[in-house]
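Q: Each chain, written out:
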Amino acid sequence: MATAIGAITHEKEGSGLWSWLTTVDHKRIGTVYAISGFLFFLLGGLEAVAVRTQLAVPNGTVLDAERYNQFFTMHALTMIFLAIMPMGAGFFNYFIPLQIGARDVAFPRLNALSLWVFLAGGFLLNSSFIIGGAPDGGWFGYAPLSGIQYAKTSGMTFYVVGLLTLGLSSLIASLNFAVTIINMRAPGMTMMRLPVFIWMTLVVVFLLILSLPVLTVGLLQLYFDRVWGTSFFSPSTGGDPILWQHLFWIFGHPEVYVLILPSMGIVSEVLPVMSRKPLFGYSAIVFAGAAIGFLGFGVWAHHMFTTGLGPVPQVVFSASTMAIGIPTGIKIFNWLGTMYGGSIRFVTATYFAVAFIALFTIGGISGVMHASPPVDTHHQDSYFVVAHLHYVLFGGAIMGIFAGIYYWFPKMTGRLLDETLGKISFWLIFIGMNLTFFPMHFLGLAGMPRRIYTYDADLGWDKWNMVATIGSYTIALGVLVFVINFLKTMRRPADAGNDPWGGATLEWSTSSPPPAHDFDVIPDVRDRDPLWYARDHNIAPAPVPEHLHIHMPPPSYYPLILGLGVLLLAIGAMSHLAVAALGVATAIFGVWGWALEPTD
Amino acid sequence: MGGTRTGRLILTVGAVVVVGVLTGLIYLAFAESVDAIAQPMTTWVPRSDNAELVHGVYRLIFILAGIVFAAIMVLTLVVSILYRERPGQLARQFHGNSRLEVIWTLIPVLIVVAISVPTFSAMAATSKPAPDDALKVIAIGHQWWWEFQYPEQGITTANELHLPVGRPVSITLTSKDVIHSFWVPQLSGKTDNVPGHDNHLWFTPTEARPEPYLGQCAEFCGLSHANMRFRVFVSTQGDFDAWTKATAAPRTAPTADLAKAGEQQFVASGCVGCHAVQGQAAAVGKIGPDLTHFASRTTLGSGIMDNNPDNLRRWLSDLDSVKPGTVMGEFLKGQPLSKDALDKLVAYLEGLK
Amino acid sequence: MAAATHETQHPTSTGIDSRKVLMWIFLASECLFFGSLISTYLIFKGDSISGPTPAEILNIPVTSASTFVLLMSSLTMVLAVYGAQHGRLGMMKAMLLATIVLGLGFLGFQAYEFASFVHEGLGLTTNQFGTTFFVLTGFHGTHVFVGVLYLLSLLLAANRRTGLGRERALHVDIAGLYWHFVDIVWIVIFTIVYLIPNN
Chain A
1 MATAIGAITH
11 EKEGSGLWSW
21 LTTVDHKRIG
31 TVYAISGFLF
41 FLLGGLEAVA
51 VRTQLAVPNG
61 TVLDAERYNQ
71 FFTMHALTMI
81 FLAIMPMGAG
91 FFNYFIPLQI
101 GARDVAFPRL
111 NALSLWVFLA
121 GGFLLNSSFI
131 IGGAPDGGWF
141 GYAPLSGIQY
151 AKTSGMTFYV
161 VGLLTLGLSS
171 LIASLNFAVT
181 IINMRAPGMT
191 MMRLPVFIWM
201 TLVVVFLLIL
211 SLPVLTVGLL
221 QLYFDRVWGT
231 SFFSPSTGGD
241 PILWQHLFWI
251 FGHPEVYVLI
261 LPSMGIVSEV
271 LPVMSRKPLF
281 GYSAIVFAGA
291 AIGFLGFGVW
301 AHHMFTTGLG
311 PVPQVVFSAS
321 TMAIGIPTGI
331 KIFNWLGTMY
341 GGSIRFVTAT
351 YFAVAFIALF
361 TIGGISGVMH
371 ASPPVDTHHQ
381 DSYFVVAHLH
391 YVLFGGAIMG
401 IFAGIYYWFP
411 KMTGRLLDET
421 LGKISFWLIF
431 IGMNLTFFPM
441 HFLGLAGMPR
451 RIYTYDADLG
461 WDKWNMVATI
471 GSYTIALGVL
481 VFVINFLKTM
491 RRPADAGNDP
501 WGGATLEWST
511 SSPPPAHDFD
521 VIPDVRDRDP
531 LWYARDHNIA
541 PAPVPEHLHI
551 HMPPPSYYPL
561 ILGLGVLLLA
571 IGAMSHLAVA
581 ALGVATAIFG
591 VWGWALEPTD
Chain B
1 MGGTRTGRLI
11 LTVGAVVVVG
21 VLTGLIYLAF
31 AESVDAIAQP
41 MTTWVPRSDN
51 AELVHGVYRL
61 IFILAGIVFA
71 AIMVLTLVVS
81 ILYRERPGQL
91 ARQFHGNSRL
101 EVIWTLIPVL
111 IVVAISVPTF
121 SAMAATSKPA
131 PDDALKVIAI
141 GHQWWWEFQY
151 PEQGITTANE
161 LHLPVGRPVS
171 ITLTSKDVIH
181 SFWVPQLSGK
191 TDNVPGHDNH
201 LWFTPTEARP
211 EPYLGQCAEF
221 CGLSHANMRF
231 RVFVSTQGDF
241 DAWTKATAAP
251 RTAPTADLAK
261 AGEQQFVASG
271 CVGCHAVQGQ
281 AAAVGKIGPD
291 LTHFASRTTL
301 GSGIMDNNPD
311 NLRRWLSDLD
321 SVKPGTVMGE
331 FLKGQPLSKD
341 ALDKLVAYLE
351 GLK
Chain C
1 MAAATHETQH
11 PTSTGIDSRK
21 VLMWIFLASE
31 CLFFGSLIST
41 YLIFKGDSIS
51 GPTPAEILNI
61 PVTSASTFVL
71 LMSSLTMVLA
81 VYGAQHGRLG
91 MMKAMLLATI
101 VLGLGFLGFQ
111 AYEFASFVHE
121 GLGLTTNQFG
131 TTFFVLTGFH
141 GTHVFVGVLY
151 LLSLLLAANR
161 RTGLGRERAL
171 HVDIAGLYWH
181 FVDIVWIVIF
191 TIVYLIPNN
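Protein chains in written order, with the numbering used here: chain A, 1 to 600; chain B, 1 to 353; chain C, 1 to 199.
If you are wondering where the hints come from, they were derived from the structure by calculation, not from laboratory data. All figures in this text were calculated on a predicted structure; none of them were measured in a lab. Be aware that a few hints might be false.
[To be verified] Sample of chain A residues at the chain B side, in silico, Cβ under 10 Å:
no., residue
1, Asn69
2, Gly138
3, Ala143
4, Met304
5, Thr328
6, Ala358
7, Asp376
8, Trp461
9, Trp464
10, Arg526
11, Trp592
12, Gly593
13, Ala595
14, Glu597
15, Thr599
[Unchecked claim] Pairwise CB distance ranges, derived in the manner of DEER restraints:
no., chain 1, residue 1, chain 2, residue 2, range
16, A, Val227, C, Tyr194, 40 to 50 Å
17, B, Thr255, A, Val227, 51 to 61 Å
18, C, Thr191, B, Lys333, 54 to 64 Å
19, C, Ala111, B, Gly270, 50 to 60 Å
20, A, Leu577, B, Lys339, 48 to 58 Å
21, B, Asp306, C, Ser39, 46 to 56 Å
22, A, Lys152, B, Gly238, 20 to 30 Å
23, A, Leu39, B, Lys333, 21 to 31 Å
24, B, Gly270, A, Lys152, 17 to 27 Å
Heads up, the beta-carbon is just placed ideally off N, CA and C, and yes, glycines get one too.
Start from the sequences and build out the full structure, keeping to the hints where you can.
A: Structure (structure tokens):
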């Protein structure tokens with residue numbers, strides 16, 4: 001099915017539901033990732049607001065202990081695995097091919113598969129709320145509390161199976177993106193000309209590729225403990241709960257960088273464009289990102305300073321953790337150096353990007369503080385750590401994602417988000433976020449432990465808890481204004497033009513939204529900032545050859561079938577062997593059809 | 001205004017003032033939140049030798065953090081204001097500056113060195129083994145209460161730890177079920193109680209006082225994690241000796257009729273299956289707290305409420321709403337106590353001085 | 001498995017086919033998977049409260065034979081790749097078949113070993129050795145089984161009228177990467193579980 005647009009012929013995409021279910025277009029997959037990630041962000045936010053409401057006053061009665069434990073566990077799981085990672089994956093999907101000058105990712109059908117498996121995992125995790133109770137053992141699922149002896153409901157089984165499913169999705173997506181970045185670059189797009197966002201993505205996907213299998217092993221062992229009666233982690237029968245902590249954090253700490261590095265990449269795209277000058281210290285930022293990723297594998301036990309590691313491991317992990325402060329500091333200075341001497345256009349995307357620098361710095365500083373084991377014996381599991389991690393993940397990751405949304409929205413939809421509503425929303429989120437999380441530093445200093453559903457009035461914790469709760473409502477209001485902005489903008493005509501910001505990277509050279517085949521002509525890259533190079537050297541866009549036929553991969557429903565097989569297998573792992581067998585059969589059918597399906 | 005040299009100077013000073021005021025406000029809030037009277041769980045007021053050592057590093061790191069925070073905020077604000085777009089001002093095109101980059105690589109390196117040296121020397125000092133003459137205590141975490149054993153004095157008690165001032169105490173930490181974490185902020189940072197492992201912690205309390213040092217479990221341990229609190233009483237050696245003597249003794253036998261009936265009720269209701277009362281032959285249970293001197297303890301339910309007859313009655317009649325998830329709550333749901341049984345038990349237990 | 005969009009039209013940035021790069025990176029991930037399982041085995045080594053212990057139950061001569069079978073399968077796999085690359089289709093098919101048979105032979109040995117262990121009283125939950133042994137070798141066996149299915153599908157496809165198409169050598173080569181990796185992992189497991197003295 002070919003249709004003519006000018007001189008170019010290509011396959012036309014439908015717009016019905018079936019065309020979305022069978023799509024292999026990286027932009028559509030990215031859009032579904034981003035939208036579902038944002039919806040999960042709203043859900044996780046509601047859980048957070050419920051938790052904050054319970055803690056607003058001493059001896060709160062809004063949530064009982066059981067609900068509270070489910071809500072804080074699901075808040076973390078949702079925000080990490082179902083909101084921040086998928087929103088990042090949305091940007092990866094949409095912009096990797098556009099920024100490296102490719103027409104799609106290396107494996108379009110695998111890309112669709114990772115989306116369906118992600119949705120299956122999100123569905124599984126959240127369905128636990130109505131089937132027997134959600135996971136309630138914390139996102140870190142420490143043994144033996146996560147074992148069948150202490151977590152008797154099916155909640156933690158949902159946790160195991162849900163995370164295995166989501167891990168599979170992330171692994172597939174990561175492999176795909178890694179190959180795409182390594183192998184699908186346009187001519188002249190050398191590694192040291194890659195946009196920083198792409199570099200950070202490359203670090204992220206390698207972190208996932210190398211850390212997810214460790215989590216997978218831990219989860220499988222926990223599954224065997226819970227379902228088949230082994231004792232990997234149960235001390236009464238020879239197991240060791242500390243082993244779980246090692247396996248979990250060898251994944252869990254790189255995961256922190258998985259969450260923050262995409263936003264570092266986004267900020268490194270937004271700041272140069274809005275400052276109208278090249279990124280300061282490109283190589284340093286790239287190497288610092290790679291160093292953070294590399295060191296990120298050698299710091300996991302700083303989550304375990306209070307478990308009795310012994311002094312030598314404490315010193316080693318303390319030193320490696322502090323060392324991460326060095327590349328992080330380099331990045332912060334380089335972003336400020338990018339703004340220095342610029343002519344900065346303060347649009348909403350810039351506000352979020354600058355806020356990222358300030359807020360992430362606060363999270364970074366407190367991170368170096370509890371890299372010191374003696375200090376950590378106070379901070380560990382107190383609200384000081386809650387403040388720290390939210391400055392990194394909200395002040396860092398989420399602020400960066402918002403910067404990315406405002407920056408790339410015109411490319412994805414052809415429409416510029418409303419600036420007035422955008423700035424109102426920014427200030428509400430910025431003020432709300434500081435009201436919520438800065439007081440948690442004080443609460444930590446005043447000795448308030450994490451994950452407690454209630455506290456007494458005579459401990460001096462009531463005032464700052466009330467402030468934090470007010471802050472969380474302010475954030476919610478800011479997010480609501482953003483949603484209104486989104487809905488309002490989508491009703492306006494698509495008149496943003498191809499390049500509203502004067503961008504430097506390849507995605508701004510194609511139309512908004514881009515055509516299915518991304519580029520009429522694959523660009524020839526001669527500089528790190530190809531569009532600025534073309535502008536400064538008066539290079540006209542390459543002429544579009546007549547009668548060019550661009551071949552794009554046809555839609556396929558096999559990824560959906562394979563995804564369904566994975567979902568059935570996961571359900572079977574929690575219920576009945578027959579369901580699992582049906583899942584395997586479905587998956588084999590999917591793989592078979594997939595392999596034989598013509599793609600030419 | 002930002003175009004001229006004076007304008008830039010004014011903006012820069014303005015940014016410094018704004019960040020200065022902000023940092024000052026944060027400092028005031030900080031100073032307030034480390035006040036030990038208003039916040040008895042404060043991490044900032046050390047009352048033991050090892051806590052003092054840790055505090056030295058703690059304070060240094062907070063000061064450095066404050067300086068870095070203020071510096072980066074000033075820089076961010078200054079570049080944001082100075083280089084905001086204005087007519088006629090073009091962005092200067094450059095890709096980097098090697099000298100600057102070397103300098104700002106060295107700054108974090110220096111800060112890290114400044115933190116790591118005192119950190120590691122404090123660790124060397126606090127990770128030494130406890131002195132031989134230290135008082136030995138075993139602290140066992142349970143869902144959701146604390147068992148404290150004094151092996152040399154032959155004492156087992158719960159949720160209230162008594163220590164003499166000026167003598168090192170060596171605490172062995174472990175758990176009967178899931179992971180807990182022992183934390184009395186004014187006396188020591190936290191150390192986990194891990195089932196199957198023995199962890200060690202020692203310190204020398206430096207201030208005897210009538211009001212207790214408050215502690216709380218710091219590792220999420222299930223439904224009633226929030227209700228796993230405890231207290232540490234630091235007293236003079238003389239008071240401590242008196243306490244050990246009294247606590248090592250068997251229970252005070254009940255004299256009043258109601259209390260005597262309560263002792264029988266204690267057997268009849270099955271309490272003895274889980275609770276020990278030294279001196280009462282049938283009460284040898286090990287699952288719940290030792291109740292030999294229950295009435296001498298200031299709180300009940302692992303530090304969640306004052307120990308008085310009204311609260312005890314609530315505890316025995318409506319346990320699940322006071323402290324969700326306990327074994328005892330489950331047990332009492334199966335066989336609730338009659339009002340008559342409650343009266344007897346309260347009379348008996350509140351007599352166990 | 002998945003065909004890429006452009007390889008046939010454009011050379012890749014590295015010059016290596018994307019599917020081959022995919023397999024290499026996937027195997028890097030697998031290294032960490034088996035690394036974690038092997039670490040778990042080593043952590044619990046000697047921690048079994050009750051028997052049977054590895055010294056009592058491991059049958060090293062039998063497992064040496066099965067290891068030899070798996071090693072030979074790597075040789076036949078190399079020959080299959082050679083056949084695919086040089087257009088010697090008969091050799092390719094025969095060697096694929098031989099590799100499959102040797103892989104099944106290894107799985108047969110493993111089934112026999114598991115059955116005899118269970119017969120001698122070592123089950124999954126008997127002690128820490130049983131747990132870590134069955135989980136580690138079980139996951140390896142699963143990988144061999146997946147490899148057998150993978151090669152079998154190649155063999156079936158090779159017997160179609162169109163054969164394996166113009167990318168025949170690539171398909172067999174990538175399957176070979178996977179197969180050799182699974183073999184190498186077994187060498188590590190065999191050394192750690194069977195050869196290093198157990199006490």
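Q: Decide, hint by hint, whether the structure agrees.
A: Checked hints:
1. Asn69: holds, 7 Å
2. Gly138: OK, holds: Gly138(A) within 10 Å of chain B, min 5 Å.
3. Ala143: holds, 8 Å
4. Met304: holds, 9 Å
5. Thr328: The hint holds - Thr328(A) has a Cβ within 10 Å of chain B, the shortest such distance being about 8 Å.
6. Ala358: The hint holds - Ala358(A) has a Cβ within 10 Å of chain B, the shortest such distance being about 5 Å.
7. Asp376: holds, 8 Å
8. Trp461: holds, 7 Å
9. Trp464: holds, 7 Å
10. Arg526: violated, 16 Å
11. Trp592: violated, 46 Å
12. Gly593: violated, 46 Å
13. Ala595: For Ala595(A), the interface hint is violated, since the closest Cβ of chain B sits about 46 Å away, which is over 10 Å.
14. Glu597: violated, 47 Å
15. Thr599: Check failed: Cβ of Thr599(A) comes no nearer than 42 Å to chain B, outside 10 Å.
16. Val227(A) to Tyr194(C): 40 to 50 Å: violated, 29 Å
17. Thr255(B) to Val227(A): 51 to 61 Å: holds, 56 Å
18. Thr191(C) to Lys333(B): 54 to 64 Å: holds, 56 Å
19. Ala111(C) to Gly270(B): 50 to 60 Å: holds, 52 Å
20. Leu577(A) to Lys339(B): 48 to 58 Å: The hint (48 to 58 Å, Cβ to Cβ) holds, given that Leu577(A) and Lys339(B) are roughly 52 Å apart.
21. Asp306(B) to Ser39(C): 46 to 56 Å: holds, 50 Å
22. Lys152(A) to Gly238(B): 20 to 30 Å: About 49 Å separates the Cβ atoms of Lys152(A) and Gly238(B), which means 20 to 30 Å is violated.
23. Leu39(A) to Lys333(B): 21 to 31 Å: At 40 Å between Cβs, range violated.
24. Gly270(B) to Lys152(A): 17 to 27 Å: holds, 23 Å
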